[in-house]
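**Student:** Start from the sequences, fold in the hints, and give me the full structure.
There are 2 protein chains.
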Amino acid sequence: MGRAYEYPKKPQNTVKRYNNRGTYELGPIHSVINSSRVLHVSFAPSPDDPFPAILPMIGFMGSYDYPSAGLDEPLDCYLHGYVSARLMRLARDSEKGLPVCIAATKVDGMVLSLTPNSHSYNYRSAVLQGYARPVETDAEKVFAMELITNKVVPRRWEHTRVPPDKVEMTSTMILKVQVETGSGKVRKGEPHDEAKDLDREDVTSSTWTGVVPVWEAYGEPIPCASNKVKDIPEYLTSYVKDATAKNKSVALEAAEE
Amino acid sequence: MGRAYEYPKKPQNTVKRYNNRGTYELGPIHSVINSSRVLHVSFAPSPDDPFPAILPMIGFMGSYDYPSAGLDEPLDCYLHGYVSARLMRLARDSEKGLPVCIAATKVDGMVLSLTPNSHSYNYRSAVLQGYARPVETDAEKVFAMELITNKVVPRRWEHTRVPPDKVEMTSTMILKVQVETGSGKVRKGEPHDEAKDLDREDVTSSTWTGVVPVWEAYGEPIPCASNKVKDIPEYLTSYVKDATAKNKSVALEAAEE
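In order, the protein sequences belong to chains P and Y.
Heads up: the first sequence at position 16 corresponds to 16 in full-length UniProt numbering, and the numbers run straight through without jumps.
Heads up: the second sequence at position 50 corresponds to 50 in full-length UniProt numbering, and the numbers run straight through without jumps.
Derived from the structure by calculation, the hints contain no laboratory data.
From a predicted model like this one, the values you see are computed outputs, not experimental measurements.
Identical chains blur together in the list; that is why a pair holds if it fits in one copy or across any two.
As a list, the in silico EDC-like pairs of lysine to aspartate or glutamate whose alpha-carbon atoms are at most 20 Å apart:
| hint | residue 1 | residue 2 |
| --- | --- | --- |
| 1 | Lys9 | Glu180 |
| 2 | Lys196 | Asp165 |
| 3 | Lys246 | Glu234 |
| 4 | Lys228 | Glu201 |
| 5 | Lys96 | Glu140 |
| 6 | Lys10 | Asp49 |
| 7 | Lys230 | Glu256 |
| 8 | Lys230 | Asp202 |
| 9 | Lys9 | Asp48 |
| 10 | Lys246 | Glu216 |
| 11 | Lys248 | Glu220 |
| 12 | Lys196 | Glu168 |
| 13 | Lys188 | Glu220 |
| 14 | Lys188 | Glu216 |
| 15 | Lys246 | Glu220 |
| 16 | Lys230 | Asp197 |
| 17 | Lys228 | Asp199 |
| 18 | Lys230 | Glu201 |
| 19 | Lys228 | Asp202 |
| 20 | Lys10 | Glu25 |
| 21 | Lys248 | Glu216 |
| 22 | Lys188 | Glu257 |
| 23 | Lys230 | Asp199 |
| 24 | Lys166 | Asp197 |
| 25 | Lys96 | Glu136 |
| 26 | Lys228 | Asp197 |
| 27 | Lys9 | Asp49 |
| 28 | Lys241 | Glu216 |
**Tutor:** Okay, here's the thing in structure tokens:
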């Protein structure tokens with residue numbers, strides 16, 4: 001294996017503080033994006049408006065041209081969201097695409113130290129910056145819809161009524177973000193206290209320190225009133241069980257590292 | 001009780017699609033901000049940079065002037081974060097404060113319908129826009145540090161080595177965001193499928209539909225190597241247990257509504 005692909009370090013994405021936690025490698029960054037249920041997508045709504053806007057969206061990394069590309073290879077970020085009109089118009093009308101920033105953060109633990117200042121979270125975060133444009137062709141749209149549906153639950157796409165019909169194709173807007181740069185940050189392990197506090201017996205004898213693991217848990221699937229399938233399908237029960245166990249083990253490993 | 005306080009509807013925060021899920025009430029919006037472990041804070045780093053920046057930060061709503069103000073009353077958002085230098089400089093150097101956008105989203109369930117297009121999440125999201133400035137006085141800084149520490153774990157502040165010493169006070173930067181406007185969105189309940197699919201026996205007999213509840217779970221606290229307190233304190237064990245149970249019940253209620 002050669003050197004892992006990295007995003008270029010530019011002024012806007014260089015991790016300046018705690019840079020031992022920073023990463024520019026594509027694999028870990030894309031992995032945080034893909035495992036986060038919701039991404040926050042920021043853009044400038046208009047030159048008159050001083051405030052950036054943020055929309056919560058569902059997104060997944062993929063390559064339409066090289067579908068077999070790995071997570072550690074160059075990928076685009078496909079986005080689907082609800083409040084689309086304004087963002088879609090901006091993306092369509094800008095020549096190069098609309099400059100956006102995409103953020104995702106997974107919290108793995110509460111890090112409880114002797115002093116408030118050194119409290120922290122164990123976490124993995126990722127930020128991408130790139131140009132967003134609407135996906136134009138039906139073939140690429142279906143490719144992205146499958147990625148996004150399978151993000152909600154793996155293998156869900158093949159267990160639903162597909163392909164989307166004409167009305168669904170027209171009404172679905174997908175944004176494709178060509179990533180210019182990105183960065184990630186990871187914090188793992190125990191709290192870090194300073195000698196000035198660790199040496200004080202009155203402080204250490206009264207303050208519990210350590211990590212409380214945090215993870216995303218999934219419950220038993222609850223059928224809706226119109227559901228006609230008696231047994232919960234295996235791909236769903238196994239995902240709910242395995243993914244919760246995996247999420248938990250990631251949190252425990254981060255705590256104990 | 002009179003009418004609940006609402007954020008003003010301006011072009012930039014008006015929820016345009018699915019507006020039955022939108023809210024402008026202060027209470028629900030502040031509640032999402034306070035219950036989200038990480039907030040994503042967006043700002044424009046410089047006029048030359050086309051891309052907005054996003055930083056993950058810890059934040060909590062509060063009022064220094066009226067500390068007893070309720071969640072449904074006007075509050076400021078206090079922010080603390082790691083990559084602070086650039087943001088802090090911009091906030092200090094801009095006259096009115098730096099325009100920022102703050103986003104938080106809690107996912108309560110995966111909503112699995114007959115077609116990919118009607119898949120969704122049950123969720124609660126909040127977005128605030130306002131002007132950020134560094135907190136100047138030590139008294140207000142301590143007020144904000146206590147809010148933020150108790151966000152990580154309730155009542156944690158009083159169980160740590162406080163007050164912060166001189167070095168800690170100087171090195172800690174807190175941003176105070178005076179909120180100009182905000183909005184929230186909530187999705188609860190079952191999937192919504194269309195008659196064209198619900199009427200097709202071949203589709204309904206092969207596609208399980210319903211909701212998979214999603215919540216944030218907390219594990220047994222894990223002491224670190226330097227910890228000297230033998231028993232995990234009660235405020236911590238009860239929080240871990242009660243908060244996980246409460247998070248789960250919110251997800252189940254959202255699914256069954």
